[in-house]
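Each chain, written out:
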Amino acid sequence: NAGVTQTPKFQVLKTGQSMTLQCAQDMNHEYMSWYRQDPGMGLRLIHYSVGAGITDQGEVPNGYNVSRSTTEDFPLRLLSAAPSQTSVYFCATGKKGGYTFGSGTRLTVV
Amino acid sequence: TQLLEQSPQFLSIQEGENLTVYCNSSSVFSSLQWYRQEPGEGPVLLVTVVTGGEVKKLKRLTFQFGDARKDSSLHITAAQPGDTGLYLCAGHQGGSEKLVFGKGTKLTVNP
Chain A
1 NAGVTQTPKF
11 QVLKTGQSMT
21 LQCAQDMNHE
31 YMSWYRQDPG
41 MGLRLIHYSV
51 GAGITDQGEV
61 PNGYNVSRST
71 TEDFPLRLLS
81 AAPSQTSVYF
91 CATGKKGGYT
101 FGSGTRLTVV
Chain B
1001 TQLLEQSPQF
1011 LSIQEGENLT
1021 VYCNSSSVFS
1031 SLQWYRQEPG
1041 EGPVLLVTVV
1051 TGGEVKKLKR
1061 LTFQFGDARK
1071 DSSLHITAAQ
1081 PGDTGLYLCA
1091 GHQGGSEKLV
1101 FGKGTKLTVN
1111 P
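First to last, the sequence lines map onto chains A and B. Numbered by this note's numbering, the letters in the first sequence go through residues 1 to 110 in order. Numbered by this note's numbering, the letters in the second sequence go through residues 1001 to 1111 in order.
The following block holds chain A by itself, in its conformation from the complex (with noise of 0.2 Å):
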């Protein structure tokens, strides 16, 4: 089982490129959701969902779109990239009693 992948792991955009993050879980859990990590902010969580059709907005959610239209898939959009987006991005998979992350998405806007 590959657990949560991630991709690209790499990717580098010009401002106001727009792009997206894939995530694909083969663990069969409901919820998903996208963290962002940067230098001493921690990870901070942007969209998560509850299962297909249905998705939230987190703490930072301003730039960025999810569809959750499976079980097992949960992109994110970047509709016009900015700087301030550089950053890593997590997705992470699981329930209550803990969560399995992806290896990241690491992303400079330039």
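Calculated from the structure, these hints are not laboratory results. Certain hints may be false.
Covered, in the sense of this in silico footprint (three residues per stretch, anywhere, with C-beta under 8 Å from a C-beta of chain B), are these stretches of chain A [unchecked claim]:
| id | stretch |
| --- | --- |
| 1 | 32-45 |
| 2 | 100-110 |
Below 27 Å or equal to it, Euclidean Cα-Cα: the simulated BS3-like pairs (lysine-lysine) are [claimed, not checked]:
| id | chain 1 | residue 1 | chain 2 | residue 2 |
| --- | --- | --- | --- | --- |
| 3 | B | Lys1059 | B | Lys1070 |
| 4 | B | Lys1106 | A | Lys96 |
| 5 | B | Lys1103 | B | Lys1056 |
| 6 | B | Lys1070 | A | Lys95 |
| 7 | B | Lys1098 | A | Lys95 |
| 8 | B | Lys1070 | A | Lys96 |
| 9 | B | Lys1059 | B | Lys1103 |
Non-contacting residues of chain A with respect to chain B, defined by C-beta distances greater than 10 Å in every case (computed) [said to hold, decoys possible]:
| id | residue |
| --- | --- |
| 10 | Asp26 |
| 11 | Leu79 |
| 12 | Ser84 |
Beta carbons are placed, not taken as given, at the ideal position from N, Cα and C, and that holds for glycine.
Chain B: place on chain A using the hints.
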């Protein structure tokens, strides 16, 4: 305002020493989790505590949940270089699905 405050932010010790890391809040949590993260990787779950006063042990690591469920601590006995990493506490408030994180404690254990 950070919901979960971790201290210290940085800790550098020698192999064999003991240490304690703290995770504090003014809010009550239904559960608290501890994760360890190594460079270039995602956080990995170490333990979840759910009952006030609960103590869990994982080899040389001892985790405690405060009686009022507002704080937690992680104690490492006889630290080893392999314990080096970023230790993160995270918690759920009430019935919320949201998992909020502290900023972490970066631990370095020198040989």
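Here is what the structure says about each hint:
1. 32-45: Three-residue rule met by the stretch 32-45 of chain A, so holds; n is 8.
2. 100-110: With 5 residues close enough to chain B, the hint holds.
3. Lys1059(B) with Lys1070(B): holds, 25 Å
4. Lys1106(B) with Lys96(A): Holds, at about 25 Å.
5. Lys1103(B) with Lys1056(B): holds, 22 Å
6. Lys1070(B) with Lys95(A): holds, 21 Å
7. Lys1098(B) with Lys95(A): Between Lys1098(B) and Lys95(A) the Cα gap is close to 11 Å, so the pair holds against 27 Å.
8. Lys1070(B) with Lys96(A): Given that 27 Å is the threshold and the Cα spacing comes to 17 Å, the pair holds.
9. Lys1059(B) with Lys1103(B): holds, 25 Å
10. Asp26: It holds; Asp26(A) is separated from chain B by about 16 Å at its closest Cβ, greater than 10 Å.
11. Leu79: holds, 23 Å
12. Ser84: Check passes; 19 Å lies beyond 10 Å.
Taken one by one, the earlier hints all hold for this structure without exception.
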